[in-house]
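Engineer: What follows is the residue order along each chain.
There are 2 protein chains.
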Amino acid sequence: MADTAVQGMTGAEAIIGTLAECGVTACFANPGTSEMHLVTALDREPRIRSVLCLFEGVATGAADGFARMAGVPALTLLHLGPGYLNGGANIHNARRAYSPVINLIGDHAVTHRAYDAPLASDIAGLAKPNSIWLQSVDNVADAGRLAAEAFSATYGPPPGPVSLIMPADTAWTKGGSIVRDARRAALKPPSASAIEEAAKAIRKAKKPALLVNGTGLHAGGLAALARIKASGVGVFSDTFMARHSRGGGRFAPDRLPYFAEMAIETLAGTDLLLIAGTKKPVAFFAYPNTPAEFTPRDAAVITLGGPESDSAAGLAMLADALGAPAAPTSVPWSRPEPPRDDAFNPFTIGLALAAHTPEGALVSDDGVTAGLPIYLCMQAAAPHEWLGHTGGAIGQGMPVAVGAAFARPDVKTICLAGDGAGMYTVQSLWTMARENLDILTIVFVNNAYRILTIELARTGAGNPGPTANSMLSLGSPEIDWVKLAEGMGVSGEACSTLPQFNDALSRAMAHRGPRLIACLIPGS
Amino acid sequence: MADTAVQGMTGAEAIIGTLAECGVTACFANPGTSEMHLVTALDREPRIRSVLCLFEGVATGAADGFARMAGVPALTLLHLGPGYLNGGANIHNARRAYSPVINLIGDHAVTHRAYDAPLASDIAGLAKPNSIWLQSVDNVADAGRLAAEAFSATYGPPPGPVSLIMPADTAWTKGGSIVRDARRAALKPPSASAIEEAAKAIRKAKKPALLVNGTGLHAGGLAALARIKASGVGVFSDTFMARHSRGGGRFAPDRLPYFAEMAIETLAGTDLLLIAGTKKPVAFFAYPNTPAEFTPRDAAVITLGGPESDSAAGLAMLADALGAPAAPTSVPWSRPEPPRDDAFNPFTIGLALAAHTPEGALVSDDGVTAGLPIYLCMQAAAPHEWLGHTGGAIGQGMPVAVGAAFARPDVKTICLAGDGAGMYTVQSLWTMARENLDILTIVFVNNAYRILTIELARTGAGNPGPTANSMLSLGSPEIDWVKLAEGMGVSGEACSTLPQFNDALSRAMAHRGPRLIACLIPGS
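Protein chains in written order, with our numbering: chain A, 703 to 1226; chain B, 703 to 1226.
Worth flagging that the hints you see were computed from the coordinates, not collected in a lab.
A few of these clues could be false.
Remember, identical chains collapse to one label, so a pair may be satisfied in a single copy or spanning two.
[Said to hold, decoys possible] The calculated SDA-like cross-link candidates involving lysine to any residue, where the alpha carbons are at most 25 angstroms apart (straight line), are: (1) K982 <-> Y817; (2) K906 <-> T997; (3) K902 <-> E851; (4) K981 <-> G827; (5) K1185 <-> S1198; (6) K830 <-> G934; (7) K876 <-> A1001; (8) K890 <-> S1178; (9) K1185 <-> N1138; (10) K1185 <-> G934; (11) K876 <-> A970; (12) K890 <-> Y817; (13) K902 <-> G971.
If you're wondering where the values come from, they're calculated on a predicted model, not measured in any experiment.
Next up, chain A with everything else stripped away, as it sits in the complex (with noise of 0.2 angstroms):
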């Protein structure tokens, strides 16, 4: 790294000039008093543009789903202890969908640590349990420097987000200095070895199968995973992915199923596992009398690499080495029609919804029940990219939208919300509004955790009584998830049948910015 020292500068235009200089151009933000000189540093640099967001889940998720889109982290700026814990089920989901994140995290001043005052806590200790990387810039002349160094780090391999705590005093203080040159480090790269033993062993195997995750799932992945497929290897992605490249007729791997007694039934008799770009599989949820590992007990596994690995370059290399035929990473598409006379419920939604979306589309999936029917449903739509839930923390899927579609003005994205999980970070809607992003949300009305109603009974919890139900249901109020979006400066429809539904996507998918359907699905 290059130290190019510029005098007068302040520590919070050192943190944010050599983050420009990295390649960082979105700052999601909700700031606060220890955040000023921050902001006004921001004020600064062009090369960086600043989105509010009302509340620090929207920013978190926001940076996530930029950096799935971008391939570079997008900076938070957010308050103190409190703003990071805002913020933090996002950062725990963009955890786990190992994207790259900048979290800058306010301080007070060092000379104010002392006081403990109100806002004070212990930013660090809350921090350090997401944070693939954390550091505070207590001293003025490190701030480059650690700018720099939190901008590597998000990169890991894997990759993830990072904290970067910045107290009031070294914000305002001169003495700093832009960093260059940081680097970027690249996936890594499979072993020849583990290739050639998985090689063997497939030739070797009665009923091989790879599960795959990350890069693989990418478009540049594909046409592999459909040359070992045609080997005779079944390829299955894992149930929730980061980012999957579907449609168009593309090659798409079976998804693992969900429910771990379903995920144990597609994989039984399956005698080698090979894993590439992901871990051994494992239920979502311990239940009581069923297997949280869904590999078969006899199963040979062999690992193509996790997630610090480019699965991508390894399957390329798997399919090489199997001498895999060059099967069609596509067949001919054409576009379906939508079903016009059914019932509305999830899978009819599904099937109109592919039907209409466009060409290159992102949707961003945090639709629990309604998102899986859809999944299917969606690989006959046009080429589009999945952003899926990776954490399971709900409340993901608006802000992962904003960030993706703030990152890809060109082309449509498409928002798919639980009524429960929307309301988690209801707050996105007013940024999608503020900055007339292109995203159409689509929120599946139940009016019920139904994704509990259902984990209720395989945990073996008992019949619900009154209150279970009363903590399931979100009825009772009816949410009106127009007025909501309205109230937000987004212009919302409710749909209850599929000619209606169809007619308000012809509408949205024909208007440029944010807009709205809620799909009524009582009982769904």
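Using the hints provided, position chain B relative to the given structure of chain A.
Structural biologist: For chain B alone, kept in the frame of chain A given last:
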């Protein structure tokens, strides 16, 4: 403690049963799969009423508000690390309010921890900084004992939030037992020697002053404060207090100003500063070239006890030791007339509110810049309880109102919310509607983080450019609070003149149940 083994009781039943025995009556919840057995245990425990919140920050703030009015901890039910993070900012606030809160955090099964499943995180690490006690129930035999210990631990002194982590398998496994007779520690009594020392020092001081918080600001503490004031001691409250009995002509201490330079000016010349139920006064934030400590350099400081102490008891002893006159606790009071023909701004809003506030009302303040003038005006109102914002993390007001109203359904609760602050936990409105809570929410719609436009100048961060102005502005689009409220089942109206506001207040005070008034005060 007496253990009562109940054969066949699950860990979940032992936890919930023990807490009910302790006297817990309310649970503010947003459960997930790992909490299903706790939810059905709550089903079977009629002594605890469960309230669904659509975001965990509502649940934790509601538990804080409940504790402030009930004096007994409420339970929150949170889903794993992300659920804790979502509730974290209001847990920070509860810690700063010294409110007893039991955060019951569901975790993956102990047997599932090895798998690093998507929703796994270091819950204990995340929760530790803002927990005054933390344990994980890894063995079912410990469930009842740890629940009772958690209950006791919330009382401190000083009281505060505790974290009880409940793995799913401990919840569903049998072998638990209910523990009874958990201890409730009282606040510490004053030290007689400190009182004597203080009385002596006051007699010698030229300009003595007292800074008070805690029980000294409750109804039972005001008589002693009035007597001490009548003895020639300046009596000041902290700027922010968890609960303050005000209005109806009762004695009111002067409030220490929020802005550092004003607070320093207020205490200038003080040669003796007595501290009761709080700590030495310091600035909320650090500013360049402004001292952080408000105590004059030459002043002697005597503490009668910090937040762990019963300041009301200590001050009564001090008044006796001083031989203070029996000053009247209250002066004759009559309800003020509302202002009718004047500008519409936070000051006149405060005067109007003071005229309309019914006796015994609870006022939850998250009004930020609007909250300061309204606090002044409300001293003229009927007797009420002011529930202040001691932790500085905005988004507290509506949740605290939910909990306070739940604890005290017999009186009107008034929530003062800045528009920026209100958006943080706007989901609270839905719980107000669902539980038909008698809450009037007044939102100050100035379309700005007004406090930050002030703080930006005070921190010397320079003139704001377009980016900085954009980060501090909530206009574009303007938020329609009436639509937001109606979207969540709360009727609302907007006011932009005093006559409109007076009429709206008359209607709201005559109505029982949730209602919202949006005060449109652009530029205020």
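Engineer: All the hints need checking, so say for each whether the structure fits it.
Structural biologist: Here is what the structure says about each hint:
1. K982 <-> Y817: between (48 angstroms within a copy, 9 angstroms between copies)
2. K906 <-> T997: Answer is within; shortest intra-copy Cα gap is 18 angstroms, inter-copy 80 angstroms.
3. K902 <-> E851: Classified as neither: same-chain Cα gap 41 angstroms, cross-chain 58 angstroms, threshold 25 angstroms.
4. K981 <-> G827: Answer is between; shortest inter-copy Cα gap is 24 angstroms, intra-copy 28 angstroms.
5. K1185 <-> S1198: both (16 angstroms within a copy, 21 angstroms between copies)
6. K830 <-> G934: neither (44 angstroms within a copy, 51 angstroms between copies)
7. K876 <-> A1001: Result: close neither inside a copy nor across copies, 61 angstroms intra and 34 angstroms inter.
8. K890 <-> S1178: neither (51 angstroms within a copy, 44 angstroms between copies)
9. K1185 <-> N1138: Close inside one copy (18 angstroms) and across copies (20 angstroms); limit 25 angstroms.
10. K1185 <-> G934: neither (52 angstroms within a copy, 57 angstroms between copies)
11. K876 <-> A970: Classified as neither; 64 angstroms inside a copy, 32 angstroms across copies.
12. K890 <-> Y817: Only across copies: K890 and Y817 sit 23 angstroms apart there, 46 angstroms inside one copy, limit 25 angstroms.
13. K902 <-> G971: within (19 angstroms within a copy, 86 angstroms between copies)
When the structure is compared with the earlier hints, violations turn up for hints 3, 6, 7, 8, 10, 11 and for no others.
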